[in-house]
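J.: The chain contents come next:
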Amino acid sequence: MSDVEVEAGSRIVGAGIARHDAVEKVQGQTVYAADFALPRMLHAMLKRSDYAHARLRGVDVSAAEAIDGVVAVYTAADVPQNTVWVDVPGQTLEVGALKARSNVLADEVVRYHGEPVALVAAESEDAALAAVDAIVVDYEPLPVVDDPEHALDDDAPDLHESGNLLAHWEIEEGEVEAGFAGAAAVVEEEYRTQFIDHAYLEPEAGVAWRDTDGVITIRAATQVVEHFRDVARILELPDNKVRLITPYVGGGFGGKEDMTVEPYLGIVAALTGRPVRMVWSRQESLTARQNRHAVRMRYRTGADAEGRLVAMDIDILSDGGAYALLSALVLLYSTTCAAGPYRCPNVRISARTVYTNHTPCSAMRGFGGMQVALGYEGQMDRLARELGIDPLEIRRRNFVERGDRLPIGQELETVVELPALVEAVGERAGERPEPSGPRRAVGRGYACNLQSYGRCIWLNDWSSAWVGFELDGTLVIRIAVPDIGGGQASSLIQIASEVLGVPPQRVTIHIGDSALNPLTGTTTATRQLYMSGNAVLKASRELRDALAGVAAGLLEVDAERVEFGPDGVSGGGASVSFEKLLAAAASVDVPWHVLATHHAPKGIPWQADESWRGRVFPDFTYGCHAVDVEVDLDTGGVRLLRYIAGHDVGRAINPVSVEGQIEGAVAMGLGYALSERIVFEEAQNLSTTFSQYLIPTAVEMPRIESLVLESGEGMGPFNARGIGEPPIGPPAPAVAAAIHDACGVALTELPFTPERVATAIAVAGGGDGAG
Amino acid sequence: MFPRPFDYARPDSVDEALAALAANPGARPLAGGQSLVPMMSLGLAAPDLLVDLARLPLAGSENGGGSVRLGALTRHRELERSAELAARAPLASEAARFIGNPRVRNRGTLGGSLSHADPASELGTVALAYGGQAVIAGAGGERTVDLDEFFAGFFETAVGAGELLTAVELDVPGAGSGHGFHEVAGRADDFATAAAAAVLTLDGTGAACATVRLALAGVGDRPLRVEAGEAVCAGAAIDAPLLGRLADAVADAVSPEDDAFISAGYRKRVAGACAARAVESAWTRAREAA
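In order, the protein sequences belong to chains D and S.
Residue numbering for the first sequence is 1001 to 1771, as defined by my numbering.
Residue numbering for the second sequence is 42 to 331, as defined by my numbering.
It is possible that part of the hints are untrue.
Far from chain S, some chain D residues (derived; all Cβ distances over 10 Å) [what the hints assert, rightly or not]:
| id | residue |
| --- | --- |
| 1 | LEU1038 |
| 2 | ARG1055 |
| 3 | ARG1101 |
| 4 | GLU1125 |
| 5 | LEU1142 |
| 6 | GLU1149 |
| 7 | ALA1199 |
| 8 | GLU1413 |
| 9 | GLU1556 |
| 10 | GLY1603 |
| 11 | GLY1637 |
| 12 | THR1748 |
Pairwise CB distance ranges (calculated) [stated by the list, open to error]:
| id | chain 1 | residue 1 | chain 2 | residue 2 | range |
| --- | --- | --- | --- | --- | --- |
| 13 | S | ALA64 | D | VAL1026 | 41 to 51 Å |
| 14 | D | VAL1026 | S | GLU268 | 51 to 61 Å |
| 15 | D | ASP1126 | S | PRO98 | 33 to 43 Å |
| 16 | S | ALA216 | D | GLY1765 | 40 to 50 Å |
| 17 | D | GLU1423 | S | GLU125 | 49 to 59 Å |
| 18 | S | ALA275 | D | PRO1438 | 21 to 31 Å |
| 19 | D | GLY1765 | S | THR185 | 46 to 56 Å |
Derived by calculation from the structure, the hints in this document are not laboratory data.
Glycine included, each C-beta is placed from N, C-alpha and C at the ideal position.
The task is simple: from the sequences and hints, build the whole structure.
T.: Below, the structure written as structure tokens:
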């Protein structure tokens, strides 16, 4: 519990108080998923495929089963329902329109390196490891598809019955060719982004057991407690016989949005009746868990002589990897955001995602909305150079405004503060630094973006929360929110505290339990503050209203004049303790708690039809970033000197958490810009340790300055906007612009490794003329 | 990420350690464990027996006339932080700062690093740029090997089966000399894309370089001296055009291989840049000291 004292009457919302879970975390006392144990617990491990594409001629588990301490070895045939269906609204071609299929354990064919083939449960980790080694898999290697362009060729082997085109979106608004015909400048470029890993601190882990009444209970690191339903289907159990508990999670970033350990834990617990733990090693996590989509984007953008956009033609091809997972939705985000926060009357967007034998791609912070920032911002910088207009000025001339429609048909309902953000960031950036020595060049880059918060409208998203008093005047919040380290739970405490007067130290929140807490939806899509925050706000206000009515009678004042304070209610010069108020409430049948549900706004239901246009998301968050870099002209090394990140967050519920989200996303985005990449060779993952997969360290990170603008407009509680994902978009294009500013080379393929930078400088003539 | 089962011994003397190593062909000595243990976790090494050298009296340093003797168990952190070593063997101090991260440097040892012989080893370049002797103990007693002959190939050294590297004697130059080190890596604690170490001695006039010993890491099957680069500098005053020729000569002389992350061509280019910067630093320091 935080030691921060908050004076009575001060506002809690807007205060940068320490999170209630902070002290336990820094003291190492938080019981994360892997830290939990039960008596007689088994240890589960997976046998994973050595091949990226092969037919399984046989899986011989006899030697593994014979090992002392091995309790069970399961293959696909042992899984009650081996097929996992991800319900993905989108123009998917996989098995009808709406479902994406993958397997719990590989059946007949493995389609990526590291795909689970068999599941082992043993009395010890050593026995489980020995059993995994002892499983003999007879592979018949099949041709590998590792190039998304080639995946669509006639001679490419089909990885799934439906072919290799997983999903597509097509949009055409206005008269695109006529728009280009009237353009004063047209720039055309191809951009490429890489596969990356979520690289959270906490690898995938959990413990499961069969609890009272046969309820399979799984305590696991996940962003989605609603996966209890998926596990129930796999186990062929009723939904209400599986319970998912998520303790505080050591990072998600979308990597724990799809299931990881949950099905395997459920299978062992259900089939053996024993408690079981599964912890993936970092190597497993880096090898075989879903990645961010690598995307190839072709942009053609036209503007008039003043730099106003007149036409865009955008072609997006994303590598979805071996199974569909959430690729269709990720592609929808790319499609929605492809034109950026800019107004353009004539836009064509063609977006496809295809199957390959790469690790399946799925959710990751930014969710398809961030890759395209490299494209749309790169185009703005190219147009600015072509037309001789300042890069911030050309953006200013094109920003969308409230009331505008994005190409997909969504109208922007809240204020777009990009002009103010550009102004503030430009002003803060000030003078450019000097190079540190000869053969070094300094440059500055800017990038803006938009990123949605909240799930797709047609998913009819809702969030429930229970808020109630205890007799001693403490407050309890019950809500199944998974807290993945972003302060999801502590923000809810602040909201309830704000409304009900109880100081944050006297609020306890019970989170992440699908059976005992009201379901509130996934910790994904930058939706928890927005959705759960609104649910807690609604419950708190309803509770306050109900109790204020009782208090009004005790205090002999109007209900509107009742004040809620740390110890009770007051009004008209009198005060009553919570204890007395609650007793009085009970006597007149007013409950001490409220269960409330917040529903997201509605829109036109989505249809599997290319002419569909409408509202996709509740709303967007906008940002403008600036970065200063120094480029080593001999080695191509890029040193980050300074970073400024401005966002309109509507209202900062906890400014420290807001800054934490901005700084974290920027650091992640800078790793994406400069060093992180999953390297495949013939679809074999070669970057399976952190000595090959280079996440930046504190040494590489510059000072990150957050500029938080509060417009007072947003769809979250107290008009907050979501900030979890949005700041990850601008870093890569901002760094690209800064490198160009430093040494005149325009990089288009992420990451901008020293080798790529040096090669571009050499091609351009050695950087001698750099300024 | 799980080592296979192994036995473990922690002898109290060099002789006991040598006996344990000689008795078991599957035994491997364990010093700081910063390379061996990760390799075991990754399944790249599976020794039957680890002979932990922690109790052996092989840490510490002594000054000779023109040399410094460093015990094999001298930790990187000691090289990095000891003011005395920084004064006597400043190249070792400077290079040590580029090894891994503080956690690695707190445990990793000089002897472990040299015996492991990673081609990207910073301390390998230090040993070659100073020159001197490796002291190797075996069943028949101690022998010495010229450091120029120490690295024998890809992760191979002059240390034979059943032997241990116990100390290194570095030849440290006196007045009128300077050192330089430069490394390029994908990230602060990443393996070097290339690294260069130089020890430069001025001629009698102080206006030109008499000799340079120049060693590179990351660009071959082992840490290596690049004599073609040394020849460019010998007898010359170091200036920008010479450094350009030096970079080209080094790039031409080394023959790294392509890997999935970095091309051979880029490593050659970086090797040249590192060599030029290391020699430039050594020249500047030598002139300032003169």
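J.: Give a verdict on every hint.
T.: Evaluated hints:
With a cut of 10 Å on Cβ distances, LEU1038/D stays outside the contact zone with chain S, its closest approach being about 22 Å. For ARG1055/D, the condition that its CB be more than 10 Å from all CB atoms of chain S holds, with the nearest at approximately 26 Å. No Cβ of chain S approaches the Cβ of ARG1101/D within 10 Å, the least distance being about 30 Å, so the stated non-interface status holds. With a minimum CB-CB distance of about 7 Å to chain S, GLU1125/D fails to clear the 10 Å threshold, and the non-interface call is violated.
Separation of LEU1142/D from chain S is adequate, the least Cβ-Cβ distance of about 22 Å exceeding the 10 Å criterion. No beta-carbon of chain S is positioned within 10 Å of the beta-carbon of GLU1149/D; the least distance is around 21 Å. The Cβ of ALA1199/D lies farther than 10 Å from every Cβ of chain S, with a closest approach of about 13 Å, so its non-interface assignment holds. Distance check for GLU1413/D against chain S: the nearest CB is about 43 Å away, which clears 10 Å, and the non-interface claim stands.
Against chain S, the non-interface label of GLU1556/D holds: every CB pair exceeds 10 Å, the least being about 67 Å. With a least CB separation of 44 Å from chain S, GLY1603/D remains clear of the 10 Å interface cut-off, as annotated. The beta carbon of GLY1637/D sits about 6 Å from the closest Cβ of chain S, which is not more than 10 Å, so the claim that it is off the interface is violated. The beta carbon of THR1748/D sits about 18 Å from the closest Cβ of chain S, which is more than 10 Å, so the claim that it is off the interface holds.
A C-beta distance of roughly 48 Å is found between ALA64/S and VAL1026/D, which places it inside the suggested range of 41 to 51 Å. Taking 51 to 61 Å as the suggested C-beta distance range, the pair VAL1026/D and GLU268/S conforms, at roughly 54 Å. The supplied range of 33 to 43 Å is met by ASP1126/D and PRO98/S, whose beta-carbon atoms lie about 35 Å from each other. A hinted range of 40 to 50 Å for the beta carbons of ALA216/S and GLY1765/D is consistent with their spacing of about 43 Å.
Separation of GLU1423/D from GLU125/S is about 56 Å and conforms to the stated range, judged on CB atoms against 49 to 59 Å. Distance hint for ALA275/S and PRO1438/D: a CB-CB separation of about 25 Å, consistent with the stated range 21 to 31 Å. In this structure the supplied range 46 to 56 Å holds for GLY1765/D paired with THR185/S, their Cβ-Cβ distance being about 51 Å.
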